[in-house]
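Protein sequence lines, in the order shown, are assigned to chains D and A. For the working numbering, count along the first sequence from 1 and bump the result up by 8. By the working numbering, the letter at position 159 of the second sequence is numbered 147, and the numbering carries on one by one without gaps.
Quick caveat, the hints were computed from the structure, so don't treat them as lab data. Hints are not guaranteed to be accurate.
Below are the DSBU-like pairs computed for lysine-lysine, each with C-alpha atoms no more than 35 Å apart in a straight line [said to hold, decoys possible]:
#, chain 1, residue 1, chain 2, residue 2
1, D, 45, D, 74
2, D, 160, D, 83
3, A, 142, D, 74
4, D, 124, D, 45
5, D, 92, D, 74
6, D, 74, D, 160
7, A, 116, A, 142
8, D, 45, D, 92
9, D, 83, D, 124
10, D, 83, D, 45
11, A, 142, A, 26
12, D, 124, D, 92
13, D, 124, A, 116
14, A, 26, D, 45
15, D, 160, A, 26
16, A, 142, D, 160
17, D, 160, D, 124
18, D, 83, A, 142
Which stretches of chain D does chain A cover? Using the computed rule of at least three CB atoms under 8 Å from a CB of chain A, they are [as the list claims (entries may be wrong)]:
#, segment
19, 42 to 48
20, 52 to 66
21, 107 to 118
22, 146 to 153
The beta-carbon is built from N, C-alpha and C at its ideal position, and this holds for glycine as well.
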Amino acid sequence: MDISRWSLSSRMELPDWCFGQKWWIGGYVATTAANAKYFYFSDLPPDIFVLWDVFVSQGGYAAATKIDFTLCLCKELPVAGNIKILTRIMRQFGTPGQAYQIHLPPNTGTHLGPMKVLVEAQNNGIGGAMILPSETANCENTIAVLISALPKEVPDWVVSGLAGVR
Amino acid sequence: MDVSGWNLASKMKLPDHLFGNRVSIGISIFTAPGPDMKWYISRDPLPNQVCIWDVAWYPRQVGDFNSYFRIGYRAAVPTSEAEMDTAVPLMPQIGNYAYTPPRIYLSTASYEVWRFLSREGQNTGGLKLVMEIYTLANISRGIFVVTYSELPTKVPGWPGAWPAG
């Protein structure tokens, strides 16, 4: 059954397996001491996608007390001048106006999921910024997101189980 | 109902339980003190099409520095970076693009399990799983585990009613 005209919120109520493939995109981020590092993922997400997980890792630290980072929608590598005004992914984390709204422990790999968050990318890619406060050494890091597209068709029997979902 | 003729994307929209048995392949890695690069291969070939459910790293011995790895599909164990370049990559999208092809950065500084749960359909070509590990300074030792299932070829009649045709 074609459900491509359903509202986004109705499509989000479908079972997880209706979303089909979930895949990781992301990138490597090399931070230099306690300086902000901006990143932009080479692989583009679908125009409207579902965020299922966020993975952040950092290794080889010397003095870092935490990881501060943010994820946002953008068309190119963010810079210090626009990082606060770009549309945040997971904007429910932290305080509006902060450059870094997500705070994690250093020298670890952290999953922020599982989640099921609708993101309207509007032809943007995914970028962000990362900083290791108090760090004295150069560090190597990985940031990745698990995404899928939204369902456009489902078996009829799935819909009959969601009476009035439209 | 026979769904063996369905394309990969359509099969991936079937419910999880129809994928049946999930198999875990483990590849043990053990490098010398870095810089050192090693290559490994799975015992058995994979089915032609698989759904990747998980890629995990379980460290057994950690150093104080970092490593890079690549994982992919190939008929024989690589013996050089150039040979590893010819493998079909399994997770190329999260690599370090300073390298061509990209490598995935891995912190081997702590006893910490890394897991990449996913639900990604892939064509393996019936090849084996191969991996390359490059450690920059210290010994890297542990096991990579890839959990996969075959894609459904037959399903009960009710899910087969979709996609029409």
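These are the hints, each one checked on the structure:
Between residue 45 of chain D and residue 74 of chain D, the direct Cα distance comes to roughly 15 Å. Compliance with the 35 Å bound is thereby established for this hinted pair. Proposed proximity of residue 160 of chain D and residue 83 of chain D is supported: the alpha carbons are some 26 Å apart, at most 35 Å. Of the supplied pair hints, the one linking residue 142 of chain A and residue 74 of chain D is violated, its CA atoms being roughly 50 Å apart against a limit of 35 Å. Restraint check for residue 124 of chain D and residue 45 of chain D: the C-alpha separation of about 27 Å stays at or below 35 Å, so the hint holds.
With a CA separation close to 20 Å, the supplied pair residue 92 of chain D and residue 74 of chain D stays within the 35 Å bound. For the suggested pair residue 74 of chain D and residue 160 of chain D, the alpha carbons sit about 41 Å apart, so the restraint of at most 35 Å is broken. Between residue 116 of chain A and residue 142 of chain A the CA atoms are separated by roughly 25 Å; this keeps the pair inside 35 Å, and the hint holds. Only pairs whose Cα atoms come within 35 Å are accepted, and residue 45 of chain D paired with residue 92 of chain D is accepted, the gap being roughly 14 Å.
Distance restraint check for residue 83 of chain D and residue 124 of chain D: the Cα-Cα separation of roughly 23 Å lies within the 35 Å cut-off, and the hinted pair is therefore satisfied. Annotation: proposed proximity of residue 83 of chain D to residue 45 of chain D holds, straight-line Cα distance about 17 Å (limit 35 Å). Simply put, residue 142 of chain A and residue 26 of chain A have alpha-carbon atoms about 40 Å apart, too far for the 35 Å limit, and the pair is violated. The suggested pairing of residue 124 of chain D with residue 92 of chain D holds, with an alpha-carbon distance near 24 Å, which does not exceed 35 Å.
Among the hinted pairs, residue 124 of chain D with residue 116 of chain A is consistent with the structure: their alpha-carbon atoms are about 33 Å apart, no more than 35 Å. The hinted pair formed by residue 26 of chain A and residue 45 of chain D meets the criterion: a straight-line CA distance of about 31 Å does not exceed 35 Å. At most 35 Å may separate the alpha-carbon atoms for a hinted pair to count; residue 160 of chain D and residue 26 of chain A exceed this at roughly 44 Å. In summary, the hint linking residue 142 of chain A to residue 160 of chain D is supported, as the alpha carbons are separated by about 23 Å, within the 35 Å threshold.
The hinted pair formed by residue 160 of chain D and residue 124 of chain D meets the criterion: a straight-line CA distance of about 17 Å does not exceed 35 Å. Distance hint between residue 83 of chain D and residue 142 of chain A is unfulfilled; the C-alpha atoms sit about 43 Å from each other, more than 35 Å. A count of 0 residues in the segment 42 to 48 of chain D with a Cβ less than 8 Å from any Cβ of chain A is obtained; the coverage claim is therefore unmet, three being the minimum. Counting residues of the segment 52 to 66 of chain D whose beta carbon lies closer than 8 Å to any beta carbon of chain A gives 4, which reaches the threshold of three, so the coverage claim holds.
Counting residues of the segment 107 to 118 of chain D whose beta carbon lies closer than 8 Å to any beta carbon of chain A gives 3, which meets the minimum of three for the stated coverage. For the segment 146 to 153 of chain D, the stated coverage by chain A is satisfied: 4 residues place a CB nearer than 8 Å to a CB of that chain, which reaches the threshold of 3.
The structure is inconsistent with the numbered hints 3, 6, 11, 15, 18, 19, although it conforms to all the rest.
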